[in-house]
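Line by line, the protein sequences give chains A and B.
In terms of my numbering, the first sequence opens at residue 1 and continues consecutively.
In terms of my numbering, the second sequence opens at residue 1001 and continues consecutively.
Watch out, some of these pointers could steer you wrong.
Stated by the list, open to error - Some chain B residues judged to face chain A by a derived CB distance under 8 Å, without partners named:
{"id": "1", "residue": "1002"}
{"id": "2", "residue": "1253"}
{"id": "3", "residue": "1262"}
{"id": "4", "residue": "1264"}
{"id": "5", "residue": "1268"}
{"id": "6", "residue": "1391"}
{"id": "7", "residue": "1397"}
{"id": "8", "residue": "1408"}
Claimed, not checked - Residues of chain A placed beyond 12 Å of chain B at every Cβ, according to the derived structure:
{"id": "9", "residue": "53"}
{"id": "10", "residue": "67"}
{"id": "11", "residue": "147"}
{"id": "12", "residue": "178"}
{"id": "13", "residue": "191"}
{"id": "14", "residue": "195"}
Bear in mind the hints are in silico, worked out from the structure with no lab data behind them.
Yeah, the Cβ is synthetic: ideal placement off N, Cα and C, and Gly gets one too.
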Amino acid sequence: MTALLEVRGISVSFDGFRAINNLSFEIGECELRAIIGPNGAGKTTFMDIVTGKTRPNEGQVLWGEGSKSLLRMNESQIAQAGIGRKFQRPTVFEDQTVAENLTMALSAPRGPFSVLRWRPSADSAARVAELAAEVGLAEHLSRKSGELSHGQKQWLEIGMLLAQDPRLLLVDEPAAGMTLAEREQTTTLLRRLSEKHAVVVVEHDMDFVRRLDCKVTVLHEGSVLAEGSLDHVTANPEVIEVYLGRG
Amino acid sequence: MRKPLVLRHPSILVFLGVLAVFTVAVTILSTGYGTGPISTSMVKTLGKTLCLALAAVAMDLVWGYAGILSLGQMAFFALGGYMIGMWLMVARTEGIVTGTLANLPIPPTDTEISAAVATQIFGVVGSDQFPLIWAFSGSLWGQLLMVVLVPGLLALVFGWLAFRSRVNGVYLSILTQAMTLALALYLFQNDSGLRGNNGLSGLQNIPGLDAVGQEKLSIWFLWASAVALGLGYLLIAWVASGKFGSVTRAIRDDEARVRFLGYSVEGYKLVVFVLAAVVTAIAGALYYPQAGIINPAELAPIASIYLAVWVAIGGRGRLYGAAIGAVFVSMLSSWFTGGRAPDVNLGFYTIKWVDWWQVLLGLSFVLVTLFAPKGISGLVDWFEGLRPPRRRGAALGPDMGSLREKEAVE
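Let's have the full structure, built from the sequences with the hints guiding it.
And the structure:
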């Protein structure tokens, strides 16, 4: 299996603090992966590096069949290459309607002049309606997204990710602040997503990860501590000491 | 399929209607074409006000929609004025010089006429030659092209450098102030090539139209300004609607998130900034022939700050708000500073509005910002029963330029 994303020996430090320390990571096409680790393990920094927000001091980040380096691209180019990101806090454009949010995310040419010429079509309207239905917001299309509940905003953001149709989805703590029922729906959705996309989920909640039933990578102090099934890594004494033991 | 722009946004239709009625009314009441209660100088003031409204609409695209608080917009306005002023001065001086030299026994050569024109124009700064930047000043079309190109290029270069380095918020505002100040200081020098602090004058005299007379010419310029405002408003309303407008407003509220959607934020800001600069320059090119004179003081940083104040008082983030703000405040300002406002005698002190107007303006700006962030347009929302969302004071995005709770509509 060739890797979709390959991270090789990256390190990054902020003011002398090594947030990521010689981290290597690989994920294949249509794979679901959970990343767990205590606070400050470098989970969010790892996502920042892959999406171009933070530049590593050393190492390589390679993407796709041609093993293109992502380090030479900026955030918008990386997003266009097919990496989507879901933030920890729901970040949608609150002054705009659900339909406008989804329309912006729809995969289409992103240049200013193409967007100026862009006109809504029957296809695009149908796609927006379909996406909204998929994330349970069909009745809220014309509402401003700022009025939605916390959970609905999370869902809208997932809908926007789907609209982008990325090859790799990076999802930061999707279950944070959700009710139990919403969590279950989210698990189902993420599992279904991984049939067509590669998905990396960063999560604190062990029950949530167990329900995802996928390969798990444990981060600690900026590098990989263990990797394997959840049962395998939770049996690892080092993991128990740094993470589970405290929880 | 989709309804046309003006039907999707009825406010455009209302705006254009009011503008048309206003223009016709002024024409009917003018000295040049009507019954005469409105003096020629008043017609000029009204025409200039329309140009300022166009600059404010462009400012609103930059600030109200893209969240870039540019405090250097009047640099583009003045540059537009300078560019058209160069042709006006050369063409008019040429007419006068040719008339004078025609009395000589030997007819003058083109070189002699050109030299005489140069002496006439640049004698005041101790020169008798055309500087290089006047290369196209003999051609109306050349200078009209410059009205668009020079401010457009300045905005392109400045914007590219600033946006690419991701300069945002207050720092960007300071940078734009520095840009207009630097340009003003440069133009104040005698060897800048644009007659230093003398500026360009006599711009109200349009070459070849001496026979028309100012009372009619002022109405022609009023019409031209009204058409420019109408077309500029339509253009900007079109840009600010649809998906482009959506992305632009998204950049205002949360530009980092827009990047992760795959949009190049810098590209969008640049398009918006350059477009606004060009529209502002066209407004300036129509303003200064009505004002008659332009000098580097027009680029003073305070002028651009006023523009932002007008937009804020009118209501940011909606185009008619910007236009209303510009018209309302600039008309009020000329009423107060023109000595027409009656002094208020408090017994122990007499408030002279010429001195106190700026204090009043500053105070109302602070009050509007604090208590009525929607400005005058808030009245429209109040009338339509639209209310701001209840967000416990949270703005609609994390960025500095993002819409605040009280500016938004539920």
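Verification of the supplied hints:
| no. | hint | result |
| --- | --- | --- |
| 1 | 1002 | holds, 7 Å |
| 2 | 1253 | holds, 6 Å |
| 3 | 1262 | holds, 4 Å |
| 4 | 1264 | holds, 5 Å |
| 5 | 1268 | holds, 5 Å |
| 6 | 1391 | holds, 7 Å |
| 7 | 1397 | holds, 7 Å |
| 8 | 1408 | holds, 6 Å |
| 9 | 53 | violated, 8 Å |
| 10 | 67 | holds, 21 Å |
| 11 | 147 | violated, 6 Å |
| 12 | 178 | holds, 20 Å |
| 13 | 191 | holds, 23 Å |
| 14 | 195 | holds, 23 Å |
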